Amino acid sequence: MPSTVCTAKTSYKKLPGLLELTSTHLQWTQDGKKASLVKVPHSEAVSLFCSKEGAAQVRLKVAVVGDDAGHNFTFTSPQPVALAEREKFKNELTNIIARNRTASATPAATAPGTPSALARSTSLAPRGTSSPARNAVSRAASASSDSRGTPVANDPTSDFRLRKKVLLGNPELASLHRELVMGGHISENEFWEGREHLLLAQAAAESQKRGKPGQLVDPRPQTVDGEIKIVITPQLVHDIFEEYPVVAKAYNDNVPNKLSEAEFWKRYFQSKLFNAHRASIRSSAAQHVVKDDPIFDKYLEKDDDDLEPRRLRDESVDIFIDLGATQEDHGETGNIKDVTMQAGKQRAVLPLIRKFNEHSERLLNTTLGEPATKRRRTDVAEGPDHYSQIDLEDLHDNQSTTGIILNMQDRERYFDGRSADPLGSQAASEKFDFRSTLQEVKISLQDWSTSLNRLKLDRKAGDEALNGMTQNVAARLEVKRTKHDIPENLFRQMTTCQTAANEFLRQFWLSIYPPVIDGQTVSTATPAQKAAKAAKMIDYLSRTHEKVDALVQTAQQEGVDPARVHVAMKPVLDAVDNALDFWRKRNSKPLR
Amino acid sequence: MDKASHLSVVIDLSPTQWHLCSQSSNPYPLTLQSFLSQLLAFFNSHIACKDENTLAVFGAFPGKSVLLYSSTTIAAEEHSVNADANTYRPFKVLDSTIMGSIRNQLEALELLEAEAPIGLVGAITKSLCYINRLTIPSSSTTPAEEKQAPLDPRILIFSVSPDQSPSYIPIMNSIFSAQKLKVTIDVCKIYGPDSVFLQQAAHLTGGSYLHLNRPDAVLQYLTMSFLPPPGIRQLLSVPTQDKIDFRAACFCHKKIVDIGFVCSVCLSIFCNPVPVCSTCR
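Residue numbers (the numbering used here), protein chains in the order written: chain D, 1 to 592; chain G, 1001 to 1281.
So here's chain D without its partners, still in its complex pose (with noise of 0.2 Å):
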């Protein structure tokens, strides 16, 4: 049983309740009943919307995963009760769903207000900014990470997810999938059956964890009303207090004793540690707006703009990407000094491009490890280890590979050219005798001279060995002058008529080659059931005559060449006809 981190009594569809929070659900049971009509558990909540406060009902409305609209709960309790109850469903939520955030990382961009002082605003409706198919994508990411370990795609409703996803990535697949299944040709299941790999692929692309977004955190204004308003969220706060720890101490130094939470906010945005916090140059803009402020004036820090940056990097840096490094080597014989990469040569961008830094660093940190762990890393590679490191395979002279030696069993029978296999032409040649043959040739090798002297070639014989080669020069240069002019439709017809012909080709030796390779064996089809498949692909096959017979009609009532549509689908045909050959004589086969 997991344990109740707080309870308040609430209302949920007008049904009065209670709302527990647990260490796994958020749930609500109503008064009286056993079961929970409503739970949530952890990983799915999103997002958190609360009324503003001072208004007349307190509530609380969570969004869950693929449902935006969510739960609303509206606390029973007299006021100060139920908004200190509500007070405590919020801190607890806020951290379970920025962890959510940090694992599945739904965009960072989804702005959904509590109420503030700037943002006046009653609506509880989610401003979400982020587009629905980026949530959706983000949000089956976290679902399959979380459900399940492997990616395999076992159940059907996350496999025809996965199917949808392939076809919407590669269109060519997709009109190919539209032709021959939505047109009843072959099922659903046999399309994908030797295409897994696609859809392992997808699932694996899916269950790949995102990483924390790269974004700064820059609250930016909107203007709503004529007025310039941040809107705050419980998200937006752990962020800020996460990149600007002198937020988070101001805060808890005065609030709530000097300032009201709404007022410490108002202020901050005002003052110019904010303005110092902003991440870009545009807050030149919003200057005029900045006013002095006792209270975070004292927190404001001097600009980070001297030559040293004020946070010194406490790593040491890598001695082949120190620029310092080799300074002593630029004597006064040496090379000039740099003047493209002087650091701090623009001032004003310094504690700019230092935050940049120091935001990419802690960004690293989190992904890569703490830099403790990383420079011990790098202490062990110090030393003599820095050859090894300059030594790069790539340089390595590779014409002295000797290459992997492939270990051949029985190799005498590989190199044997003359097997004892009898040759194809050998039961023609026998009714020669070897030895008169023989014969024969050394006569005609006689007296070589004469008949080379009287050497003379058939004039008709030489035409024509003149026009066939010139035919064959000019069939190859006219195919690279013609240019493409087979009309659009009839082209998208001929092509449609290949792919298709080429799926059915694919089926059917797939139906008839089994692979047999077991454990990553995926197709479970019985015999039977695969020589009813050939014999329908077979069935399909044989109608690719009269198909492309069509087509040349076709070419034939737009004006173009019809020889030239039959050049086109002549490897096709030959490859059904070659399929149609195999079933012809398999067929026959055990009749006999």
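Source of the hints: derived by calculation from the structure; they are not laboratory data.
No experiment lies behind these values; they were computed from the predicted model shown.
Going by beta-carbon spacing under 10 Å, a handful of chain G positions derived as facing chain D: (1) Glu1115; (2) Asp1242; (3) Pro1273.
In this text, a Cβ means the ideal position worked out from N, Cα and C, and glycines have one as well.
Please build the complex by placing chain G on the supplied structure of chain D, with the hints as guidance.
Using the frame of chain D, we list chain G on its own:
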């Protein structure tokens, strides 16, 4: 043709196949005698194109392959050739050397009871070795000799025998060596069905594969298609095959297969799926 060019020729001299080729039941029969006359004319024109042009002729006989002639060994035999007022002497030397060696080799064949498979692969391999020796001069040669190493080496194969599927692996290996040596392989199919392996050889080395429609006019084909060295072909547009049979022979039964199963480790080809590759285990 400002560069010297080297031509290695492999002649398929299977008595049976030539017998079949010369049958008058063929639409355009070609006797060996007539073929050799036309071939000698082609050799002479190759030599005549440029002083520095070199030639090596290999004969593929049943069960063996022999170097019949090469420009570098000519000096020793020159004296034994009678002068002929009607023929340019180098031509005469070339022609009589080739014809003499063919005759000698055929004489040696008398001992055989039945015709062995043709030694085509051996001839191709020998010609590759010969070219390798020309292109990579040994350390003993002087720099002056080095300069004469012919560029643009190529091999021209005259084929009358059908494919022997057992020789698939050696042929493929020769093709790969030819690619590495940058040797172009041309194929002139005079008689018989199209050769799968030789088509691939020509395609993979950038040569041209020509199946003669009129074998009796072979000299016409030779001068038009195979006289210019590969360097000039780009400007000349030489006829070739536009459809190539890429089928392979399986390693297990040496059959030419449409659908094969390939070992993912050593790329051996099998006609039936096997659980364990017999080549690399």
